[in-house]
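Take a look at the letters that make up each chain.
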Amino acid sequence: MSSSKSNKIVKLESSDNKTFEVEEAVAVQSETLKNMVDDGCANDTIPLPNVNGKILEMVLGWCKKHVDETVTGDELNKYEADFLDLDQADLYGLLMAANFLNVKGLLDRVLQRVADMIKGKKPEEIRRIFNIKNDFTPEEEEEIRLENAWAFD
Amino acid sequence: MAGSVCINEILTDDELRAILGRLGSEKDKEAFGLVCKKWLYLQSTERKRLAARAGPHMLRRMAARFSRAVELDLSQSASRSFYPGVTDSDLCVIADGFRCLRVLYLQDCKGITDAGMVEIGRGLSSLQCLDVTYCRKLTDKGLSAVAEGCCDLRSLRLVSCRLITDKLLHALSKNCHNLEELGLQGCANITDSGLTDLVSGCQRIKFLDINKCNNVGDSGVSSVAEACSSSLKTLKLLDCYRIGDASILSLARFCRNLETLIVGGCRDISDESLKSLAAACKNSLKNLRMDWCLNVSDSSLSCILSQCTNLEALDIGCCEEVTDAAFEGLGTREIELSLKVLKVSNCPKITVAGVGVLLDKCNSLEYLDVRSCPHITKADCDGAGLQFPACCKVNFAGSLSEPDALL
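The listed protein sequences derive, respectively, from chains P and D. The opening residue of the first sequence carries number 0 in numbering that gives the first Met the number 0; numbering runs sequentially from there. The opening residue of the second sequence carries number 0 in numbering that gives the first Met the number 0; numbering runs sequentially from there.
This is chain P alone, in the form it adopts within the complex (with noise of 0.2 Å):
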């Protein structure tokens, strides 16, 4: 088995039915993948019906980059910050993409790029940012403010 496993390949159907050929390789980069291929269930096309075509081909383009071995350290962390230069929403499709297909390095970064997009940020610019409704009242947020004071490390 081993033998043939670098020259399998992969098939994928996303949400809008475009599909997409992968080696074994890069597919096995998400472990949800990986696990449908131990199982034997990876013959046919695999379809994803929560991933659009526009995203999967983002998430396939990362793995293909990462089991590629002739990039080097830092092209990868060039590749990996130019990535996640996206609108919101792509960025949340890459993020339940990633955490739909289990692929770690790549879910990691999506949270950390949305958690370093509230750092430092005040409560209302984080809403006008992830276009939240404050459904606090003004005396609701006060007592949290006033909670917040007498909490502490």
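Where hints are given, some of them may not hold.
Claimed, not checked - Looking from chain P toward chain D, a few residues come up when the C-beta cut is under 8 Å (computed): (1) F19; (2) V21; (3) E23; (4) R108; (5) L110; (6) A114; (7) R126; (8) I131; (9) N133.
Just so you know, the hints here were simulated from the structure itself, not pulled from any lab data. No residue lacks a Cβ here, since even glycine has one placed at the ideal position from N, Cα and C.
Once you have looked at the hints, place chain D on chain P.
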């Protein structure tokens, strides 16, 4: 396109929690919690440790909000006290609200009484660590209720709770078999039979502080040594003047893992038992305080110095019989002492010659106390050309801040 998608509609609670987990600072976590009610819930339930200075109303709100807190620090101190301080009704709120609590610090909360402790015993069944140091009003009644209700208790500190008697030790023996740390310094009503009772049920004790429990004698200590032989690491018997050689011999016989022993003021201890201890605990012993042990002389001290190769802190202050000869045995040997702290204050027979031999074999010395040693003055040391290690502080006459190792 930024801002038209609401993150809460797309990400699950787990994913939001993962993002929260990557916010390092408390300030950012607080801002996170102020964004919306969902984020407040996530931030509050993630919070495991809490310190608070608050009355019952605020505590109730905090209990409701930080419902999964595992550690709560309400300890007071002279610089951070407020009136009226933590009360029994606050403890009631805590017992009802912080159900997952494992660690509760109440040092210096002088207003609390047995009624509050009964609440703790009733509500906090997962409690593992309780510190009520200086809560002087507490008696056996309240603390036995804690023992009965909190059977997983591992650490209990009762320093200066002077109303405590053997009755509490009985309750602990019956209920708290996982007890590892017990701090009873100043609980002077404790007797040997209480200790024997304690270790019949609590056989995993690692740390026992009975400093100044001056009713304790050899039979109590021997019971502890035998019952907790494999676990005992720290035993503090400061000023337990009834303790004698029998105790030390029991420790030598049973407690091969002993790391810290404080027997300052136990005047009846003599060389023979100490030599046995040195031989038995030669690999484990790290800290030994035996100031005011007036019968100690060169014969046991030289054994200790040459055999206890991991010894880091030693206090032989006021051991008037000790001379330079105790150190001379080191001169011929190839050993390197690990000693960091050495206190020889008030040892009139030690001179710079002895100190010189010591320094030769000890590069790690960080603190040397030679106060009231008439033959070890600054002038004497300079005159003898003694070379102290670079970071070493030498206390000749003043009040340098002392290291904690031997307290």
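Checked hints:
Residue-level restraint check for P/F19 is violated (minimum Cβ-Cβ distance to chain D is 23 Å; threshold 8 Å). Taking 8 Å as the C-beta cut-off, the interface hint given for P/V21 is violated, the closest approach to chain D being about 25 Å. Look at P/E23: its Cβ only gets to about 28 Å from chain D, farther than 8 Å, so that hint breaks. Below 8 Å, beta-carbon pairs count as interface contacts, and P/R108 has none with chain D, the closest being about 11 Å; its hint is therefore violated.
Using the Cβ-Cβ criterion of 8 Å, the hint placing P/L110 at the interface with chain D is satisfied: the shortest such distance is roughly 5 Å. With 8 Å as the threshold, the beta carbon of P/A114 comes within range of chain D, its nearest partner Cβ sitting at about 4 Å, so the hint holds. Interface hint status for P/R126: upheld, as the beta-carbon distance to the closest one in chain D is roughly 6 Å, under 8 Å. Evaluation of the P/I131 hint against chain D yields a held restraint, the C-beta minimum of about 5 Å falling below 8 Å.
A cut of 8 Å between beta carbons decides the hint on P/N133: the least distance to chain D is about 6 Å, and the hint holds.
The structure shown violates the earlier hints numbered 1, 2, 3 and 4.
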